[in-house]
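2 protein chains.
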Amino acid sequence: MFNINNNILNVDSPPIDYFNNLLSKNSNPNYNPISFGHGIPRFTPIDYFDFNNNPIFEPSSYKYSEIRGHVKIRQFISNKLNLKLNVKADLDNFIITSGANSALFKALFLKLEQGDEVIVPSPVYFNHIMAIQMIGAITVEIDSIEKNGFQLNIPGIINQINDKTKVIILNSPNNPTGAIYDINDIKHLSEICLKKNITIILDYTYEDYIYGTDYNPLQIFNSFENLIIVGSFSKTFGITGLRIGYICADPHLIDNLCKIQDTISICAPVISQNILLELIQSESKAINKNKLSAEFSRNKLIELIKTIPQLEWITTKGAFYAFLKLPKEMNSWEFTRDLIVNKSVLVLPGTIFGETWKSYIRIAYGAVDSDEIDEGIHRIKNYLEETT
Amino acid sequence: MFNINNNILNVDSPPIDYFNNLLSKNSNPNYNPISFGHGIPRFTPIDYFDFNNNPIFEPSSYKYSEIRGHVKIRQFISNKLNLKLNVKADLDNFIITSGANSALFKALFLKLEQGDEVIVPSPVYFNHIMAIQMIGAITVEIDSIEKNGFQLNIPGIINQINDKTKVIILNSPNNPTGAIYDINDIKHLSEICLKKNITIILDYTYEDYIYGTDYNPLQIFNSFENLIIVGSFSKTFGITGLRIGYICADPHLIDNLCKIQDTISICAPVISQNILLELIQSESKAINKNKLSAEFSRNKLIELIKTIPQLEWITTKGAFYAFLKLPKEMNSWEFTRDLIVNKSVLVLPGTIFGETWKSYIRIAYGAVDSDEIDEGIHRIKNYLEETT
Chain A
5 MFNINNNILN VDSPPIDYFN NLLSKNSNPN YNPISFGHGI PRFTPIDYFD FNNNPIFEPS
65 SYKYSEIRGH VKIRQFISNK LNLKLNVKAD LDNFIITSGA NSALFKALFL KLEQGDEVIV
125 PSPVYFNHIM AIQMIGAITV EIDSIEKNGF QLNIPGIINQ INDKTKVIIL NSPNNPTGAI
185 YDINDIKHLS EICLKKNITI ILDYTYEDYI YGTDYNPLQI FNSFENLIIV GSFSKTFGIT
245 GLRIGYICAD PHLIDNLCKI QDTISICAPV ISQNILLELI QSESKAINKN KLSAEFSRNK
305 LIELIKTIPQ LEWITTKGAF YAFLKLPKEM NSWEFTRDLI VNKSVLVLPG TIFGETWKSY
365 IRIAYGAVDS DEIDEGIHRI KNYLEETT
Chain B
5 MFNINNNILN VDSPPIDYFN NLLSKNSNPN YNPISFGHGI PRFTPIDYFD FNNNPIFEPS
65 SYKYSEIRGH VKIRQFISNK LNLKLNVKAD LDNFIITSGA NSALFKALFL KLEQGDEVIV
125 PSPVYFNHIM AIQMIGAITV EIDSIEKNGF QLNIPGIINQ INDKTKVIIL NSPNNPTGAI
185 YDINDIKHLS EICLKKNITI ILDYTYEDYI YGTDYNPLQI FNSFENLIIV GSFSKTFGIT
245 GLRIGYICAD PHLIDNLCKI QDTISICAPV ISQNILLELI QSESKAINKN KLSAEFSRNK
305 LIELIKTIPQ LEWITTKGAF YAFLKLPKEM NSWEFTRDLI VNKSVLVLPG TIFGETWKSY
365 IRIAYGAVDS DEIDEGIHRI KNYLEETT
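Which chain is which? The protein sequence lines are A and B, in order. One gets this note's numbering by counting positions in the first sequence from 1 and adding 4 to each. One gets this note's numbering by counting positions in the second sequence from 1 and adding 4 to each.
Think of the hints as simulated: they come from the structure by calculation, not from any bench. Predicted model, so just to flag it, every value in this text is computed and none were measured. Wrong hints could be hidden among the right ones.
Since copy identity is lost for identical chains, a pair holds within one copy or between any two.
[Said to hold, decoys possible] In the DSS-like style, the derived pairs of lysine-lysine whose C-alpha atoms are separated by at most 27 Å in a straight line are:
hint : residue 1 : residue 2
1    : Lys-88    : Lys-310
2    : Lys-76    : Lys-29
3    : Lys-84    : Lys-310
4    : Lys-29    : Lys-289
5    : Lys-385   : Lys-310
6    : Lys-310   : Lys-329
7    : Lys-67    : Lys-293
8    : Lys-385   : Lys-304
9    : Lys-200   : Lys-310
Whenever a hint applies, use it, and build me the whole structure from the sequences.
As structure tokens, then:
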């Protein structure tokens with residue numbers, strides 16, 4: 005009866021609301037719910053900022069901004085990226101979007117024709133796959149190498165490049181593994197992409213969550229010829245609900261992205277832009293607070309997971325995700341559901357990050373405190389002891 | 005060098021920022037700038053609301069909401085529409101989006117395959133055309149009948165319906181003409197659409213701006229089988245900068261729209277949802293204040309335009325737009341540019357609302373005060389006297 009575009013009909017339903025609802029409605033009433041589900045940091049501006057100027061009382065918050073976004077936000081992010089880039093990013097290299105998902109969708113929508121191929125290292129953030137499928141392009145998933153900490157399978161990727169390959173998406177630091185891809189691997193890929201006119205879309209959402217090492221994947225790019233950066237202010241400032249991110253690309257692409265932005269969004273929410281303009285002065289405070297908390301949780305998690313023989317974790321150095329292997333034959337979707345129902349703990353099943361990963365789970369440790377880590381992992385341990 | 009999807013490359017650049025920039029940079033320094041450009045109402049919440057609960061201090065404002073949006077907002081808009089609809093709209097008939105543009109794009113993206121045809125009465129809001137083109141569908145523009153106040157050309161529309169026709173977009177009250185389409189015409193079209201499995205997308209953004217008459221286009225629909233409503237909270241509450249709107253449709257379509265929403269936006273900005281939740285209690289205050297101001301401007305405009313023999317205006321009863329005919333051969337793009345440069349007054353050229361309308365201009369009168377109407381129209385009158 006209803007005409008629906010087939011590409012969209014064939015996309016799986018988004019998983020997070022499903023599991024959130026399961027946690028709030030079907031969890032075990034004997035336990036308080038603990039969520040390792042959503043990828044959010046722990047602290048919001050309320051925890052690190054005093055609003056002297058309150059954007060809620062500014063008339064401009066209720067009116068449109070330029071399509072590209074407020075010039076001062078573009079200035080801020082251009083200054084930040086210019087510390088890392090080998091090519092200068094000016095104001096006209098940027099458009100401020102309604103979050104990094106919006107940025108990624110718009111970048112793919114700009115580049116891809118029906119039937120084009122996009123290479124994505126797997127496991128992969130499910131919204132990337134959904135975006136590619138909806139647009140009518142083809143996803144080519146290349147499994148990353150788990151034993152190397154989910155590093156890129158470079159020969160595997162190169163082997164799949166053909167005339168239809170238009171984009172390679174690199175999400176580093178990675179969701180869901182936390183991997184930070186080796187600089188030399190990215191360099192190698194970038195050189196190939198430059199020759200073959202393939203664009204690397206670098207999803208740089210977790211740029212400020214890197215532990216115990218210096219890491220700068222931007223250093224290897226000398227031009228925007230084969231590079232689009234999509235990023236977010238969400239994780240850095242603890243503001244996922246404001247929906248604000250960016251695209252950094254060649255000005256010609258930005259001009260064309262303005263057409264898409266105007267049509268889909270007109271502009272990023274202006275109240276959010278105005279709040280971000282206030283927060284900018286406290287960037288390092290925001291990062292320190294959230295990153296320290298994530299790092300603390302990560303260290304704790306490393307110790308706790310060691311005590312669970314049924315779980316395997318190749319630790320990684322970025323983002324705030326642990327991607328864990330369940331005992332061999334275990335179905336992660338069922339495990340996730342049963343863990344909620346029995347122990348009121350939410351993790352996400354590996355299945356949603358690619359078919360290969362059906363016996364894995366993702367633990368998001370960005371938002372939890374010390375007690376929740378202790379208690380949540382303890383319940384997972386007990387559950388595995390009871391059922392395996 | 006850069007691969008860009010051809011559909012997007014072929015879309016015209018968005019016009020409003022271009023003319024806004026011209027007004028701020030190239031206007032005549034002897035005159036203060038007056039803008040009849042952007043379609044925004046005059047008053048923001050700062051003018052009609054006291055924030056006792058300030059959402060900027062609520063942690064939830066900085067975190068994701070459900071993909072569908074806050075249940076209380078869905079409740080509010082469902083109650084509002086149920087007063088007008090002949091079919092009951094429940095919570096699962098709604099998704100809250102980042103504005104009405106976002107709603108329209110997502111609805112079209114859901115429905116259309118490449119090469120599908122969409123009928124749009126012309127003149128037409130340019131973002132509708134841009135959305136259709138980007139998706140790779142085909143726009144079929146049917147000129148409305150000016151002498152009837154830009155009413156639908158029903159025989160013209162019916163004549164263009166064929167197997168490829170998937171959607172008819174009706175924007176009533178209309179941007180850019182202000183027309184409210186005759187209920188019987190919509191009913192006639194709706195019956196045909198039901199038989200031929202064509203969806204009517206009703207863009208209902210200006211629902212609260214109707215002058216001197218009762219008007220309810222929702223009354224003629226008895227099911228969601230052939231109806232998608234897209235709407236906005238922007239014009240009603242004076243909150244264009246919050247980017248918040250909605251889609252009302254069959255639950256099966258909403259379920260599939262959740263896939264698109266998750267991929268493009270995750271959710272509507274939550275700070276905006278929380279602000280709107282506060283404003284809801286003052287809806288009638290917001291509407292009265294903004295609608296009274298628009299109505300006052302409209303009445304003034306009717307009198308003033310009568311004194312300008314070079315301009316023709318078939319007055320209409322909705323929104324806050326006047327669509328005026330320039331002297332016959334005049335190019336509206338050049339007129340708009342020269343009016344900015346000489347008199348610092350911004351209108352929008354008819355060209356951007358469809359090729360037929362190249363000798364028309366749109367005056368947005370929602371945001372201006374009495375003095376601006378007087379002074380702005382006075383300058384337009386002088387300019388026409390000087391140049392024709």
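Violating hint indices (sorted, rising): Hints 1, 3, 4 and 9 contradicted; others consistent.
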